[in-house]
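Colleague: As they're listed, the protein sequences go chains E and Y.
Counting in the working numbering, the first sequence runs from 8 upward without gaps.
Counting in the working numbering, the second sequence runs from 8 upward without gaps.
Incorrect hints may have been included.
[Stated by the list, open to error] Here are a few chain E residues that face chain Y, going by a calculated C-beta distance under 10 Å:
| hint | residue |
| --- | --- |
| 1 | Ser15 |
| 2 | Ala60 |
| 3 | Val67 |
| 4 | Ser68 |
| 5 | Gln71 |
| 6 | Ala78 |
| 7 | Val82 |
| 8 | Pro83 |
| 9 | Gly86 |
| 10 | Gln106 |
| 11 | Gly108 |
| 12 | Lys113 |
| 13 | Met114 |
| 14 | Pro119 |
| 15 | Gln133 |
| 16 | Leu137 |
Keep in mind that the hints were calculated from the coordinates and are not lab data.
This structure is a prediction, so every number in the text was calculated from the model and none was measured.
Ideal Cβ positions, reconstructed from N, Cα and C, are used throughout, including at glycine.
Number of protein chains: 2
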Amino acid sequence: MNIYFACSITGGREFEGVYQALTAALLADGHEIPTAHLADSTVSELEAVVSPAEVYERDVSWIQAADALLAEVSVPSHGVGYEVGFALNAGKPVLCLYQQGRRLSKMITGNPHPKLTVKPYQDERQAIVLAREFVSKLPGKFS
Amino acid sequence: MNIYFACSITGGREFEGVYQALTAALLADGHEIPTAHLADSTVSELEAVVSPAEVYERDVSWIQAADALLAEVSVPSHGVGYEVGFALNAGKPVLCLYQQGRRLSKMITGNPHPKLTVKPYQDERQAIVLAREFVSKLPGKFS
Numbered sequence: 008m009n010i011y012f013a014c015s016i017t018g019g020r021e022f023e024g025v026y027q028a029l030t031a032a033l034l035a036d037g038h039e040i041p042t043a044h045l046a047d048s049t050v051s052e053l054e055a056v057v058s059p060a061e062v063y064e065r066d067v068s069w070i071q072a073a074d075a076l077l078a079e080v081s082v083p084s085h086g087v088g089y090e091v092g093f094a095l096n097a098g099k100p101v102l103c104l105y106q107q108g109r110r111l112s113k114m115i116t117g118n119p120h121p122k123l124t125v126k127p128y129q130d131e132r133q134a135i136v137l138a139r140e141f142v143s144k145l146p147g148k149f150s
Numbered sequence: 008m009n010i011y012f013a014c015s016i017t018g019g020r021e022f023e024g025v026y027q028a029l030t031a032a033l034l035a036d037g038h039e040i041p042t043a044h045l046a047d048s049t050v051s052e053l054e055a056v057v058s059p060a061e062v063y064e065r066d067v068s069w070i071q072a073a074d075a076l077l078a079e080v081s082v083p084s085h086g087v088g089y090e091v092g093f094a095l096n097a098g099k100p101v102l103c104l105y106q107q108g109r110r111l112s113k114m115i116t117g118n119p120h121p122k123l124t125v126k127p128y129q130d131e132r133q134a135i136v137l138a139r140e141f142v143s144k145l146p147g148k149f150s
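Based on the provided sequences and hints, a complete structural model is requested.
Modeller: So this is what it looks like as structure tokens:
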């Protein structure tokens, strides 16, 4: 599967370890993650060399080409909120994962879109289990 | 004009003074702001009594009924990012204001949508000037 992974960049990186665990697990399962570098601790330097307009066009193209979007939403982010809406509009299944106890926007928790799933996790291990469960249920594939 | 004002709630309230200055200025000019209470310091208590699903339905209905969306984007927010995309999709003009020097998501700064304007401000006074300028140029009205 081709999974767009979305996470906070400018909003804060305190969950970077979870981002890395999630992308590493899905890559190890053989999935493609065009945004895997967003989990990297050098992401700000990596992204600094690309213009905002190029990042925007690249990211929306990746969402359009993806089978689904996986977002880690423990840390607020304009970009991730925008991408969740963009993916749902494009008909993509979306899973939003967050650390149990974090306060989330009601634009995410109250969104009735049938392709949106929002789930808390206790730890990295459970986050990976939930992500794999989501990917395994995507239509038309058995991976 | 009917202006949907969007700002961070769960993401952090350090710019609450700017939110209040912006909404007070536009209300004083005679505009309607269905979300004016989001600038209030008691917003969390006000919103706690409404279910997430009700907030979502209420907010997207307000965006659909609005002439434009004004977002203060200095503090990251999933909800505001989602609302910016929702408003643009609905064909609404959007102004994103942020304090000069704040780092913004490239999904906002790199977004080429012709109805999106993104501007920095130095202080509350300038933020109000920019908001009034935006509202004065909205199509079909002279307020």
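Colleague: Now, for every hint given, state plainly whether the structure supports it.
Modeller: Taking the hints in turn, this is what the structure says about them:
1. Ser15: holds (7 Å)
2. Ala60: Because about 4 Å separates E:Ala60 from the closest Cβ in chain Y, which is inside the 10 Å limit, the hint holds.
3. Val67: Since the shortest Cβ distance to chain Y is 8 Å, the answer is holds.
4. Ser68: violated (12 Å)
5. Gln71: violated (14 Å)
6. Ala78: Because about 9 Å separates E:Ala78 from the closest Cβ in chain Y, which is inside the 10 Å limit, the hint holds.
7. Val82: For E:Val82, the interface hint holds, since the closest Cβ of chain Y sits about 8 Å away, which is under 10 Å.
8. Pro83: Check passed: Cβ of E:Pro83 comes within 3 Å of chain Y, closer than 10 Å.
9. Gly86: E:Gly86 check passes; min Cβ-Cβ to chain Y is 3 Å, inside 10 Å.
10. Gln106: Hint on E:Gln106: violated, closest Cβ of chain Y at ~14 Å, above 10 Å.
11. Gly108: violated (12 Å)
12. Lys113: holds (4 Å)
13. Met114: With a closest approach of 4 Å, the E:Met114 hint holds.
14. Pro119: holds (6 Å)
15. Gln133: This interface hint is violated because 21 Å lies over the 10 Å limit.
16. Leu137: At 18 Å from the nearest chain Y Cβ, E:Leu137 fails the 10 Å test, so the hint is violated.
Comparing the model with each earlier hint shows violations of hints 4, 5, 10, 11, 15 and 16; every other hint is respected.
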